[in-house]
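Residue numbers (numbering that gives the first Met the number 0), protein chains in the order written: chain A, 0 to 265; chain B, 0 to 282; chain C, 0 to 274.
Hints in this document: simulated from the structure, not taken from any laboratory.
Check each hint, because a few of them may be wrong.
As the list claims (entries may be wrong) - Label-pair restraints from in silico Cβ distances:
1) A/I239 to B/P20: 36 to 42 Å
2) C/G16 to B/L191: 44 to 50 Å
3) A/A70 to B/E124: 40 to 46 Å
4) C/V255 to B/D147: 48 to 54 Å
5) C/V35 to A/R76: 46 to 52 Å
Ideal Cβ positions, reconstructed from N, Cα and C, are used throughout, including at glycine.
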Amino acid sequence: MTDPQQTVADAVLVDHVSHVYGSGPSAHHALADLAFAVKPGEFVSIVGPSGAGKTTLLRTLAGLLTPTEGAVWVDGRRTNGVPPGMAMVFQDYSRSLLPWLTVEKNVAFPLGGSSIPKPERRAIVAEALEAVGLGGFGKRYPWQLSGGMQQRVAIARALAYRPSLMLMDEPFASVDAQTREGLEDLVLKIRDTYGMTILFVTHDIDESVYLANRVLVLSRPPARIVEDIAVDLPEPRDQITTRENPDFIHLRGHVARLIHGGGEPA
Amino acid sequence: MAGPSTRVLATRALRASAERPRWVRGLVSVAYFVVPLVVVVGLWQLATMLGRNPFFPQPFAIIGNLWTLLFGSEKAVQDVFVGQFLATVGRMALGFAIGAAWGVVVGTIMGLWRGAREVVSPIVEFLRSIPATATLPLFIILLGGGDDMRVVFIAYGVSWFVLINTAQGVGSIHKTMLDLGRVFRVSPARRLFAIVLPAALPKIFAGLRIASTAALLLAIVSEFMLALNGIGFSLVVAQSRFNLLSMWSWMLALAILGLLINSLLEFIERRLLSWHRLSRQRT
Amino acid sequence: MTTTASPRQTRRRISAGAIWRGLAGVAGLFVLLEIVSRSGLISTTYLPPFSEVVWRALQLWIDPDFLSNVGQTLLTYLLGLLISAVIAIPLGIVFGLLNPVYRATRAVVELIRPIPPVALIPLVLLALGNGLEMKLVIVVFAAVWPIMFNTLYGVHDVDPYQKDMGRSFGLGRFGIIRRIVIPAAAPFIMTGVRIASSIALIVVITVELISPGGAKGIGAYIAAQQLSYQDSAVTYLSVLAATITAGVLGLVINLVIGWVERRFFGWDSTARDGV
């Protein structure tokens, strides 16, 4: 694997990142010398077998974790903690939304400390809710909404933050299958509308191929990149026709084999 | 865990509307509350009218005596209601406020920093095992028999309950909620006041409720010794004069005070923490 | 949707690091107290050197007179807890199974419950004099509530599927109560006993503290020492040492009950929060 060149154009650059939990004989090597670059506006899926260290990688990208070796560069700047202009959607929406706040206030929450004047904040929140299809739900509370709707609120919150980079940590894993399809298409629509870079961690192979321009397949820990697959399916994607597309079937089969093979190159 | 699907939500709404209307249910609740009370008081009144026992005065007499004691005359209102009843309330409130504030602060620190918690934990566990009332003689020796001592004593006893519950509440906040604060670059101060404390509030409030009961109890106990006023003091004075009627009256006053405090806290909880109650019904 | 992690997640085993840090904290406190006291920062009338307090405590712990006081307290506590359980558990079961009865009694209960048990002392003292019965009445009055309410809650919330299963096996009404409801409610009952235990100990010691002289027990010992306090360092040390003993007693009882709870009733972690 060639050394990725850092160009000003890269949205994200992962520079030989390794991470080890603990030390001594019980140390757990989660990530081993990961290196890849993401161009702005790309949609990159990250898949791997369970326990592969996907979450560790995402937390490292988010700046929540400092890798034991290597560094992450976002928008040309080396991250030290959480970089600005980056939003995250968590898997557990019931814990990532604040239950004592209305939907509106939840979406507005990240804007709370900024210097944006109130009327403008309200407009941003309204726009974000519209974008996820929850236009009239601002005054409700999260527990009044179904699981899928709660995750939409989380996405709206990420949108309101106006990020250039969005990280999504298995966001649809806890949602039922039918709702998942709607949410997947929502994410694609958002990418088209706002043009942000998206890194999407999932264990669902079909989903990873359906959504992305690129699929990064991770091995079991210590996780390396097994393969960096370009996904050249026609756009816009469609739940039925894209999934019938022979290229799709071939790609997902390839990814599946890589994963079931324990993350060894085929 | 997946949230309720729209189908489940719809079924719940249907079922709820098929129950008896709200006002009927409310009436039934009130009836369950009032009728047995009336029956018990009535039976007691009857029993004491039939067979007089010095230790169990007639309930109506007790209530009447209390009313006279507290509000019988202008002087009574000044001396008794304000001088005795409110004196206890004042001590209790002050001690509770100080103890609760201390408990929340220390509990939050313990909850947020695992290192601090581990160092301090054995000490806390031991100190709170000492029955708070047993420390009264110690406080008397150290601080004398005055009201400052009482307030400090109450605050000391109260703080443990609040501390433990706060530490538990803060310490068990779900990781995702804390991550959320960091990911969106929320300032540490705002993380504390806008995420950590509200999330821990249900447990903190549970601690506050227990602490309020403790505050009342500690106030009364502190008034049994070397006191000059208060409900506890009045109880002991009545006892020394073998005035059983007044003793019962003061115990009734205590019960009413306890009920009022409990209701007040329950009311506050309903307003502040409705989100917690309602969201838990869903899971 | 809750803000806190489930009990299963937070119930980590105590790490070795935590134990070291805890010990360090305790040792650090001892050293600090010793230094502060001996250096005169806080006069010894307020803060005697910690080593002297410990020494006094050790002296007390081998003093038969003091030990008989401790025994008296323990006896009253155990008896009180036992009687409370005998009264409260059956009541709790009945109330848990017969909801209307429970709701009818709630009003009376809610009015009586807030009365601090110690407020009854003057009355009961007049009626029963200064002895074991007086103490027991008050301890029982205090300790029945947590046991009864937790039993009630445990019985009331037995999984209806389990009851149906019992019925499908041909169990009659009492069979179901005996073989399904009570075992299922057992962890909750245990929680009630645990809460009642700490209340009972506090109440026993408080009653001993407050009753006029002649009573026996740790509380009475402390009160007697404090009354005879005349600038005497020994009595102050004794009060401190006895108070600490009370704490040790409480701690030991808590640990024992905690162990019993985990060993025999540990299968249901949801029971442990208690009401």
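Hint check:
1. A/I239 to B/P20: 36 to 42 Å: Violated, since A/I239 and B/P20 (Cβ atoms, about 47 Å apart) do not stay within the stated range.
2. C/G16 to B/L191: 44 to 50 Å: Violated: the Cβ-Cβ distance is about 26 Å, outside 44 to 50 Å.
3. A/A70 to B/E124: 40 to 46 Å: holds, 43 Å
4. C/V255 to B/D147: 48 to 54 Å: Distance hint for C/V255, B/D147 is violated at roughly 38 Å.
5. C/V35 to A/R76: 46 to 52 Å: Holds, at about 51 Å.
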